[in-house]
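Sequences are here, hints too, so could you generate the full structure?
There are 2 protein chains.
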Amino acid sequence: MSGPLSASERRDRLRLARTENVGPVTYGALMDRYGAAGKALAALPHLAARGGRTAALKPTSIAEADRELEAGERLGAVLITVGEAGFPRPLAALDPPPPVLWLRGDANLILKPAVAIVGARIASAAGQRFARALATDLGQAGYVVVSGMARGVDGAAHEGGLARGTIAVLAGGVDDVYPPEHKGLYGRIVAQGCVVSENAVGRRATAKDFPRRNRIISGLALGVVVVEAEQRSGSLITARLAAEQGREVFAVPGSPLDPRAKGPNDLIRQGAILCEGIEDIVRALQGPAGFVAEPQLDLFEDPERDQAALDAAADRLRGRVYARLSPTPIPRDEIVRSLNEPAPGVLAALVELSLAGRCELLPGGLVARGD
Amino acid sequence: MSGPLSASERRDRLRLARTENVGPVTYGALMDRYGAAGKALAALPHLAARGGRTAALKPTSIAEADRELEAGERLGAVLITVGEAGFPRPLAALDPPPPVLWLRGDANLILKPAVAIVGARIASAAGQRFARALATDLGQAGYVVVSGMARGVDGAAHEGGLARGTIAVLAGGVDDVYPPEHKGLYGRIVAQGCVVSENAVGRRATAKDFPRRNRIISGLALGVVVVEAEQRSGSLITARLAAEQGREVFAVPGSPLDPRAKGPNDLIRQGAILCEGIEDIVRALQGPAGFVAEPQLDLFEDPERDQAALDAAADRLRGRVYARLSPTPIPRDEIVRSLNEPAPGVLAALVELSLAGRCELLPGGLVARGD
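Protein chains in written order, with the working numbering: chain A, 1 to 371; chain B, 1 to 371.
It should be emphasised that the hints constitute simulated quantities derived from the structure, not laboratory data. Worth double-checking, as some hints may not be accurate.
Said to hold, decoys possible - What follows is a set of in silico ranges between Cβ atoms, one per label pair, in the way DEER data are often shown:
no. : chain 1 : residue 1 : chain 2 : residue 2 : range
1   : B       : Q140      : A       : N340      : 51 to 61 Å
2   : A       : R240      : B       : A343      : 45 to 55 Å
3   : B       : L257      : A       : K208      : 54 to 64 Å
4   : A       : Q286      : B       : P179      : 14 to 24 Å
Keep in mind it's a predicted model, so treat the numbers as computed, not measured. Positions of the beta carbon are idealized from the N, C-alpha and C atoms, including for glycine.
Now the structure itself:
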């Protein structure tokens, strides 16, 4: 946590985050190396060319970034970037963290201890009643309630949590109200709670935005409660992400005769904490903190050494790294092990390949071929 | 397992089992020592007097035993005693096993692999439907369904299990039909299944008979499934007994909004296997067998040693044992440890005290003062 960010550095961070082929892993690696987004932006074309890109990589322009910043300002939203004091530590500890977040409403809420409630869109009346009551109890116990503003359980959780603070994490831009019948709820959350999005202001959510959104829901929370969920549903993906992030997973049991109980019951069988109410959550969260910061690696080589020799070595290594990639994601560690090369060099090669669009750096330490 | 039992030895076993102050622990200890019920009956008055009884202990008479045997015969019921070939091994392995059992219906059923289903008397329609369907599935998977013929879940389990074999364990005599509306069900179980009771023919159940009945339900089964149960209900006691007996405990989850789900949900939290259907049961029971035979101790002293000296020593020890007892049950092992005396001598003293009505030998290795 350093001092306040200058307006131009914040804009440069937004530019870097919005640049083609710069995902959150690459963003983090570049910021680690260059320390400031402006320097990273300047290095981008060179790095992308080293990675094998033929057409020049054009960073997002100042004008484009200004357009997004002005659109956010008109909404009264604020932009925070990873590393700033206002950025939630549990979220910053993710591997990788989201580079930037738009917040509309009470930006302080995202710094408070939070619990996520997720569940079926087509939820039972009983499930929605339970979610609403649990959210109210969580609020009274001092927890902010995080959810995804979807129909069903999500909406009920926000309603129940509204009085003590609730956070809606959207897959589209911070102004992308969906479903339409939640327009009123959205307005109340902006007024009393906080709406959060990693995405650009004005963007409509597409299918690929939901997994990143779900990572933020679980990432903001100490634990995730699954109220109702059919098998293979988005709520179960959020639960899996939560477990991977070291968050507690809670599941509300239900009758085997109700297909919406299948998801939570399966989670309990797999070790989730059976949740009948606030007591189960408070008991579990009073234990040790649920998240662990990933150690940060210095992904790049030492600049003091002979540059030409290093470049040639890096080129050879990059080729060997690329040869290991396939469209099926594999752990980056596996490449390090199979090549028997130091991790920083391998990861620098992957960052360059990713900027060239030749690979994709995925959450959870995975990488896939991108061309 | 020895050869077939003579009619007079069977009658003597019934007499011993029905004699005042002879509970199942004492019965087992006496049979271990004397090998035949007739010899044990002959020794009873002397042992009781040693234990401190002033009025003579009168064993149940031949005439009384004959009356019970004839009443059972009129019902077409058969009496089996622990140690006979027809006595279920899982039940014989209990500490202590029930000394005698009346069986009305198909006596072979109690030798087959069985699963118990228990639950709330005031069960939901969904709970009863689930119990019935699960019982049918268990029957098709080759398991006999054991329950207690109570209203609600028990009745539904018997109905579902009837076609492939079901066992009703009654707290009263084998002819004590309760509740009255289960008269028709009772008749069908006698015709197609088996009714079991440890109690005397013609006896009405009283409150104190239910814990012993519940031990037989779980003792006959490889596992016990709890379908619906409020907190502090009889079904949870059966589940606890099942766990103590090394049986698998299964619990069917339910919504926290349903008070009848509280019991099963708590059991899951405590480690019971979450059960959504037959698969969960088959998967668990295909593991190692669920019950373990307790090693049998020889509770009495070596008859070769000098009798007068032994008697005096036994009297002193009996007094020290008695001094340790209180109305609150304590483990018999604890007395052995605290007196630092060999276990067989301490347990012989307890048997004599129990025959005198001065202590009560309880299941699970416990003993309480009885006067």
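Hint check results:
Restraint check, Q140 of chain B to N340 of chain A: a C-beta distance of roughly 56 Å satisfies the suggested window 51 to 61 Å. Range check, R240 of chain A to A343 of chain B: Cβ separation about 53 Å, and the 45 to 55 Å hint holds. For L257 of chain B paired with K208 of chain A, a C-beta distance near 36 Å fails the hint of 54 to 64 Å. Look at Q286 of chain A against P179 of chain B: about 46 Å separates their beta carbons, and that is not inside 14 to 24 Å.
The structure does not agree with the numbered hints 3, 4 stated previously, though it agrees with the rest.
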